[in-house]
Amino acid sequence: NAGVTQTPKFRVLKTGQSMTLLCAQDMNHEYMYWYRQDPGMGLRLIHYSVGEGTTAKGEVPDGYNVSRLKKQNFLLGLESAAPSQTSVYFCASSQLAGGLNEQFFGPGTRLTVL
Amino acid sequence: SQQGEEDPQALSIQEGENATMNCSYKTSINNLQWYRQNSGRGLVHLILIRSNEREKHSGRLRVTLDTSKKSSSLLITASRAADTASYFCAADNNDYKLSFGAGTTVTVRA
Numbered sequence: 035n036a037g038v039t040q041t042p043k044f045r046v047l048k049t050g051q052s053m054t055l056l057c058a059q060d061m062n063h064e065y066m067y068w069y070r071q072d073p074g075m076g077l078r079l080i081h082y083s084v085g086e087g088t089t090a091k092g093e094v095p096d097g098y099n100v101s102r103l104k105k106q107n108f109l110l111g112l113e114s115a116a117p118s119q120t121s122v123y124f125c126a127s128s129q130l131a132g133g134l135n136e137q138f139f140g141p142g143t144r145l146t147v148l
Numbered sequence: 021s022q023q024g025e026e027d028p029q030a031l032s033i034q035e036g037e038n039a040t041m042n043c044s045y046k047t048s049i050n051n052l053q054w055y056r057q058n059s060g061r062g063l064v065h066l067i068l069i070r071s072n073e074r075e076k077h078s079g080r081l082r083v084t085l086d087t088s089k090k091s092s093s094l095l096i097t098a099s100r101a102a103d104t105a106s107y108f109c110a111a112d113n114n115d116y117k118l119s120f121g122a123g124t125t126v127t128v129r130a
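Sequences listed follow chains A and B, in order.
First residue of the first sequence? That's 35 in the numbering used here, and the numbers climb one at a time after it.
First residue of the second sequence? That's 21 in the numbering used here, and the numbers climb one at a time after it.
A hint or two may mislead.
[Claimed, not checked] List of simulated lysine-lysine pairs, DSBU-like, C-alpha gap at most 35 Å:
#, chain 1, residue 1, chain 2, residue 2
1, A, K104, A, K48
2, B, K90, B, K46
3, A, K43, A, K104
4, B, K46, B, K76
5, A, K105, A, K48
6, A, K91, A, K104
7, B, K46, A, K105
8, A, K43, B, K89
9, A, K105, B, K76
10, A, K91, A, K105
11, B, K90, A, K91
12, B, K90, B, K76
13, A, K105, A, K43
14, B, K46, A, K91
15, B, K76, A, K91
16, A, K43, A, K91
17, A, K91, A, K48
18, B, K89, B, K46
Hints were generated in silico from the structure; no laboratory data involved.
Using the sequences and the accompanying hints, generate a full structural model.
So this is what it looks like as structure tokens:
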């Protein structure tokens, strides 16, 4: 099993460009999450999904959109990138087995917006 | 807002010594989790302690939870160079989400 994979691993954008980050999991997990990690700030939740076709806002959703058309995929979109979105983005998934939200993380996407 | 806050922010120890880090959280929790992140990698789940537990062990890891003080501690015994990483606590409020702290960076010197 590959677990949680993220595409791409690195990306450089110019201000105003758009892009989509892809997260895929092969564990049949219901729940998926997008986080951003900035120096000294830990992980902040951007959006999450509790099942196929559902999405919800997290702590820092502005400037991002998401879609969960298939259970195994969770896409994060930046419609008009800004330098403040320079960050490392992590995707995670969970099954809430026994009501416990143990999350499995992807390797991350390092995004730089110039 | 982030629920968990770790202390200290950074820790440097000699190989073989113990490393202790603390986490405080703000609201009631279902459980408290600890994750490790090696440089340039994703987070990996280490251990989970439920709100009705006070102490839990897993190999060289020992976690305590004090719900009256809304705090938890992670102890790594007999540290090794491979334990060099950042450690994060995550509070589970039973609402499908985890709230992560800013992390403690641990450096184990050979």
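Earlier hints that do not hold, by number: 8
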